[in-house]
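A.B. asks: For reference, the chains in residue letters:
2 protein chains.
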Amino acid sequence: MKRGHQVTMKEIAKKLGLSVSTVSRALKDSPELHPETKLKVVEMAKSMNYQPNLLAQSLRISRSKVLGVIVPELTSHFFSSNISGIQDTAYKRGYNVMICQSNESYVQEISNIKILVASQVDGLLISLSRETKNYQHLQDLYDRGIPFIMFDRVTEEIPVSRVTVDDANGAYQVTKHLLEQGCKKVAFISGPQDLYISKKRKEGYLKALVEFGITEAESRVYISDLKEETNKQIAKQILEEADRADAIFAMIDPLAIDVMLVLKEHGVRIPEDIALAGFTNNPTSSVVEPSLTTVVQPGYEMGKIAANHLLDQLDEIASDDPQSFILDTTLIARNSTLKKK
Amino acid sequence: MKRGHQVTMKEIAKKLGLSVSTVSRALKDSPELHPETKLKVVEMAKSMNYQPNLLAQSLRISRSKVLGVIVPELTSHFFSSNISGIQDTAYKRGYNVMICQSNESYVQEISNIKILVASQVDGLLISLSRETKNYQHLQDLYDRGIPFIMFDRVTEEIPVSRVTVDDANGAYQVTKHLLEQGCKKVAFISGPQDLYISKKRKEGYLKALVEFGITEAESRVYISDLKEETNKQIAKQILEEADRADAIFAMIDPLAIDVMLVLKEHGVRIPEDIALAGFTNNPTSSVVEPSLTTVVQPGYEMGKIAANHLLDQLDEIASDDPQSFILDTTLIARNSTLKKK
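Note that the protein sequences, when read in sequence, are chains Y and H. Heads up: the first sequence at position 43 corresponds to 42 in numbering that gives the first Met the number 0, and the numbers run straight through without jumps. Heads up: the second sequence at position 313 corresponds to 312 in numbering that gives the first Met the number 0, and the numbers run straight through without jumps.
The set of hints was computed from the structure by calculation and includes no laboratory data. If you're wondering where the values come from, they're calculated on a predicted model, not measured in any experiment. Some clues are possibly wrong.
If several chains are the same, the list does not tell them apart, and a pair holds so long as it fits within one copy or across any two.
[Stated by the list, open to error] When the alpha-carbon atoms are kept at most 30 Å apart in a straight line, the in silico BS3-like pairs for lysine-lysine are as follows:
id: 1; residue 1: Lys338; residue 2: Lys198
id: 2; residue 1: Lys9; residue 2: Lys175
id: 3; residue 1: Lys132; residue 2: Lys91
id: 4; residue 1: Lys226; residue 2: Lys91
id: 5; residue 1: Lys231; residue 2: Lys338
id: 6; residue 1: Lys132; residue 2: Lys9
id: 7; residue 1: Lys64; residue 2: Lys184
Make the full structure from the sequences, and use the hints.
C.D. replies: Right under this line is the structure:
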């Protein structure tokens with residue numbers, strides 16, 4: 000269904016300097032608003048030739064009681080935890096959940112949105128694919144008035160609510176912990192540089208270094224595409240360097256496990272020779288030897304908050320104005336970094 | 000939508016001693032069939048007051064190009080591998096995939112089917128919840144002519160195609176391997192007894208014992224509800240027994256890992272004192288110490304075969320007659336059982 004530009008509530012709100020939620024309530028003739036405000040909104044809507052989106056309205060009125068979820072991948076423990084949180088919350092509130100996986104593909108993400116919207120879901124919870132750099136599909140969804148929010152992999156370019164974890168602070172905590180254990184030369188193995196989490200975690204890593212008097216110029220950042228082969232290659236490279244690192248912070252746990260295997264193969268003692276930490280708290284991390292220091296991301300909690308907020312918006316308990324929820328991470332120090340017990 | 004009993008193609012087929020596929024083709028006036036057969040089917044259909052299901056027909060004609068998938072849980076590596084296999088295959092053939100999770104709940108499974116059918120998926124791939132003991136919802140789906148097949152957690156009560164792995168043979172392989180390593184007293188820790196995989200894996204375990212001259216009376220079977228606490232409790236119980244086992248075959252890898260942690264806590268050497276093996280090949284199993292001997296279930300392959308078969312049925316390349324695909328498992332012997340290197 001292609002169509003020309005339709006005036007959105009957002010545009011009316013912008014012209015009047017009001018929130019989208021106020022415009023929405025004014026057009027619904029909400030008794031909470033001052034009659035003058037309502038009149039102002041209605042007149043502006045008329046002058047801009049605003050046409051309420053009937054599809055969106057009918058969606059809101061006759062509910063399917065189904066939420067759609069789009070995640071980049073399902074094999075990741077983090078995203079499957081998100082989904083569990085979303086689903087448990089949705090069920091408690093009488094909703095079902097349909098899930099699509101974008102497989103980290105931008106094209107697939109667009110088609111996921113299309114089929115979920117065609118299935119008349121009441122709202123969507125979206126975590127973006129690694130490839131998504133253009134947000135027109137999300138803008139279209141927004142302009143059609145279909146309620147959605149974003150979680151974990153988000154963009155700030157669309158004015159909808161977002162739920163994320165405090166990546167920078169998590170990376171700060173783990174780097175600081177390594178420095179407090181007496182490590183002087185902490186390396187950071189990052190994922191692809193354009194990933195939001197790569198940027199945020201590097202930010203936290205650098206912040207901790209600076210606090211311990213280490214400049215960015217003295218930092219040791221390695222970039223991996225996160226494939227097993229590359230991860231292991233970088234670990235070998237670090238081992239061969241003359242001025243070798245005495246600690247490694249790997250951006251995600253699976254990367255840390257690959258590094259651990261290489262260190263052990265080469266007879267490097269962990270943490271005595273090189274301390275090692277990851278990020279995510281995958282189930283594997285607590286059972287490897289030595290057990291891996293990592294950062295807990297509250298995946299289940301994140302799903303719960305995202306689902307509750309979207310349902311609150313649908314039930315008009317929460318305003319449609321975008322909110323940003325940033326969840327705290329927690330450091331779990333385990334044997335891979337604990338030098339002094 | 001409740002309705003009275005509708006005569007199905009299956010019932011017509013049964014009366015005539017023909018396959019459902021033949022009846023279906025006869026009612027479609029397929030040129031492949033002998034005119035006499037077609038006449039026989041059409042007359043029987045009339046006499047039984049058969050009414051073709053228009054919804055199902057319209058589904059088959061105007062395709063949504065979406066497959067629905069129902070799995071018990073998404074946090075399991077095995078099911079997320081199934082989904083990857085299904086999805087990759089579907090995409091290659093121009094289909095999208097929508098996924099629902101039953102959370103091991105029978106009630107949820109029924110509502111999953113309802114919303115996917117309401118979304119007009121072209122067909123369904125279903126893996127049953129642990130709770131599902133009644134199959135009326137599947138029978139209804141079958142009677143409505145909505146194409147579906149089952150994978151991994153299946154029932155033989157509904158005449159649709161099934162894709163499973165050879166659980167009994169996998170368990171036989173791993174038990175035989177333990178006995179070949181010189182173990183004399185192999186314990187089997189099973190999941191709940193009414194689970195299909197518990198039954199099949201026990202069957203394979205007993206078969207191997209018998210081959211080595213050990214009777215069922217001499218077998219050592221322990222039952223766990225698969226919760227961490229119970230798993231660890233059973234491991235402790237085995238350690239305390241006077242005539243202690245010298246090998247443990249745990250029904251699934253996460254159970255084996257729980258057992259491993261207890262053995263290590265108690266200073267039991269693996270495999271020297273007690274050899275240990277699991278089943279599934281979770282990612283964790285290769286990185287624990289000692290690395291865990293296990294059985295590979297081809298989860299991705301299973302999803303691929305299931306999706307291809309369903310799409311072949313939709314495209315009328317494969318017959319609608321139920322087929323059973325049983326996939327081979329592969330033993331991976333690792334350090335947790337290899338006594339002689």
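A.B. asks: Sort out which numbered hints this structure fails and list those numbers smallest first.
C.D. replies: 2 and 7
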